[in-house]
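There are 2 protein chains.
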Amino acid sequence: MRLSPRHPRYRSLVVRAGLAEAHRQGIIVPEGLIAHGRGEAFDYLLGERTSPSARRAERVAAEWLLAARRPVLSVNGNVAALAAREVAALARAVPGLAVEVNLFHRTPARARRIADQLRRAGVRSVLGVRPTAKIGRLPSDRALVDRRGIYAADVCLVPLEDGDRAEALRTRGQRVIAIDLNPLSRTSRVADLPIVDELTRALTEIAREARRVRRSGRRPRLRPFPADRTRAEALREIGRVLSRAAARSRRPRRRA
Amino acid sequence: MRLSPRHPRYRSLVVRAGLAEAHRQGIIVPEGLIAHGRGEAFDYLLGERTSPSARRAERVAAEWLLAARRPVLSVNGNVAALAAREVAALARAVPGLAVEVNLFHRTPARARRIADQLRRAGVRSVLGVRPTAKIGRLPSDRALVDRRGIYAADVCLVPLEDGDRAEALRTRGQRVIAIDLNPLSRTSRVADLPIVDELTRALTEIAREARRVRRSGRRPRLRPFPADRTRAEALREIGRVLSRAAARSRRPRRRA
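Protein chains in written order, with my numbering: chain L, 1 to 256; chain X, 257 to 512.
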């Protein structure tokens, strides 16, 4: 397909073409493509920018990851396809951050391909290709984890997560940081720290803040986070974007 | 994958599994799966129900199709996968409605598979498998049409359309009825009659109204339609759903 940079939706068309390619390579499953479309719609409704409240959430997330004893970043096919480089940058910015492949639709080959993709992007060590433990109460392959990774983590960063697993982690007493563009999703509601922002923007900002905290020398803390308020602010933001769009949105005149 | 009917999103999970299957059969392209996800998000924001203003639009659409000299329903991969039966029912309810396959990502094999799917669902005659005409100013395969179908139509029903083609049809002086869950999309803004509703609900309601009008014996007219007002009502509906969701949406308590 030829993509013109002058197309009004050029950027999202490029991302979509990349995802279709990742799908052909066996990294993304069909359900992952549908999930991406849902995210796209919400990002569109959020004005395709990081809101002030999302930025605050990303900064607290950076502190939590730095303050954690065993922080883990969980990676699925969509995350690897959309943000392998950002994952690598975050792993560099947060010493001790484990990166673990965790899939709803798992096959050994797919897990290996995703790990390869992450390594090529610069992630040094990737867990989860051969699971060594199991989380209870989870019917999907999401339950299969690494004993040194998600199983033992005190803080889990789970981008593009499903609600069942977010809930299972929380039930185990693990702190869940979610990145999910839908502020009403079960994942966002269950998370201790819901980040309502697009994946690459969120990971980049978390990494930037982690570098800032480390340079400053101040001690990171697991400080409290107002999850409900943050989600309510995201909903208000969508309301504002819709009102502005409604005011602007007039029907173009029929061309002669 | 096992799907439990008790899952909070059971219905959309079933639809997604069906689309993934249609993708494996070569009916839906990866880009179509992403587009479905976008639609899902908007349907969710519209409360997954037909709003009163969408219902009014569907009733006017039925009249337009009955009043047209050459009405055409354009079908792409997503439409065939999601609503082949509803397409067949509408073709029965509107005598003279041509059904034409029209694809952004066209291959002869894919066009044939989609036509087969429609015939299996009960559509008697399917145009567009071997295009016989071309619409100007359209860079994609969408330009390839049937001389007796979209090319000559006075009223085109285009579900799940792209903005470029909706605009090209309108520029040619054809009346465009769109079915698109995003009231802000270019397709919705360009359409003479934008229906902001989920595909199967919309097609079912249009067919029901067409049968009603024909039974009543009254003469259908191409009566005027307030497109901008309808889209504005859809935006207000989303606003209402969001406010209600925000009020309801509290964080569940951590389980013991």
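These are computed hints drawn from the structure, not numbers from a lab.
Don't take each hint at face value.
Unchecked claim - Selected chain X positions facing chain L (in silico; Cβ < 7 Å): (1) Val270; (2) Glu296; (3) Arg380; (4) Leu498.
Even for Gly, the Cβ is constructed at its ideal location relative to N, Cα and C.
Now the hints, each set against the structure:
1. Val270: violated, 12 Å
2. Glu296: holds, 5 Å
3. Arg380: With a closest approach of 31 Å, the Arg380/X hint is violated.
4. Leu498: holds, 5 Å
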